[in-house]
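Peer 1: Sequence:
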Amino acid sequence: MIAGIAGVNPMLATTGSVTFARYAVQVALQYEFDARDKPADFPTGYVPQGSFRPDQYPQELYGTEVFEVNEKLAVGYAKQATLNDTLAAQQYRANYKTNSVFAAGAEGPSIVECDTATSDNFWSGTLLSEAFENTTTLFTNGTGVYCTTQQEDNATLESLMRAAKAGLVDFSRIIIMRTASDFDREFPGQTAAANLFGNPGGFIPSILNIHLAGVKVVQGIIDNWDGTFAAGVAPTNYIGDIWGSLGGNPDFGPGSIFGGQNAPVQSFRTLRNGIRLALRSL
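Residues 1 to 282 in our numbering are what the sequence shown lists, from first letter to last.
Source of the hints: derived by calculation from the structure; they are not laboratory data.
Where hints are given, some of them may not hold.
Result set (BS3-like, lysine-lysine): computed pairs, CA atoms no more than 27 Å apart in a straight line [stated by the list, open to error]:
1) Lys216 to Lys72
2) Lys79 to Lys216
3) Lys97 to Lys79
4) Lys72 to Lys165
Turn these sequences into a full structure, and let the hints steer you where they fit.
Peer 2: Listed below in structure tokens is the structure:
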């Protein structure tokens with residue numbers, strides 16, 4: 001289980017919520033203009049690498065842009081948890097009630113199945129959030145649902161991908177669980193800066209709910225190990241990276257570059273570097 005706190009899209013969830021992702025999307029792995037220098041007809045300063053407009057699929061891939069994990073694992077166990085909430089979080093999220101599009105952000109914490117965006121930069125505000133929501137949709141061929149924001153998951157998943165290629169990890173057993181500590185954008189009448197520097201009251205619930213929901217998942221797996229989890233839960237969706245390195249055909253991106261087969265273990269790293277160079281030369 002990959003678990004940690006995250007920012008959250010108030011159109012889908014609120015602080016204290018526990019989310020489970022199918023996709024992790026490295027949204028900031030793009031070209032970038034300062035917004036003051038971007039072409040006038042660009043909605044954002046971010047452009048997928050190797051492309052010429054924000055709405056074009058990246059033509060230059062590094063291999064870590066998108067990961068997909070097994071969607072059939074243990075979300076049901078987490079729903080058995082009684083989640084923590086605080087008065088401070090309740091009072092802050094009430095500010096989102098004034099716009100019905102943020103109804104989820106104004107409610108109490110819950111268990112939500114939605115996807116996560118990875119970026120080294122910790123951003124705030126509607127404009128960047130909408131840009132990365134569009135990136136999530138674009139990179140996943142319209143399947144991903146932009147919901148949480150964090151800084152680590154794609155790097156962690158790339159490490160686990162390499163471990164899986166070495167036979168050390170079963171990639172189908174990975175769970176991505178994020179609890180929401182703050183909002184990715186301002187409430188009506190607030191500034192993006194106030195959203196970033198203010199205190200939404202969500203940190204304590206987000207930390208406590210990692211344990212409260214996570215322990216239900218762990219206990220559920222332990223209790224049902226012999227009958228269900230020892231043999232593994234076979235995924236019904238594709239799992240792996242954007243290149244199809246573990247076999248199968250990704251339901252996003254250009255499809256498997258290995259013809260649906262596993263990437264050869266002995267040349268996995270060489271293949272990845274070579275493909276990157278080849279794509280750059282296109």
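Peer 1: Now look at each hint and say whether the structure bears it out.
Peer 2: Against the structure, the hints come out as follows:
1. Taken as a hint, the Lys216 and Lys72 pair is honoured in the structure, with Cα atoms around 16 Å apart against an allowance of 27 Å.
2. Distance hint between Lys79 and Lys216 is fulfilled; the C-alpha atoms sit about 8 Å from each other, no more than 27 Å.
3. For the given pair, Lys97 sits about 25 Å from Lys79 by alpha-carbon distance, which is consistent with the 27 Å threshold.
4. For the hint pairing Lys72 with Lys165, the CA-to-CA distance comes to about 22 Å; that is within 27 Å, so the pair holds.
The structure is consistent with each of the numbered hints, conforming to all of them.
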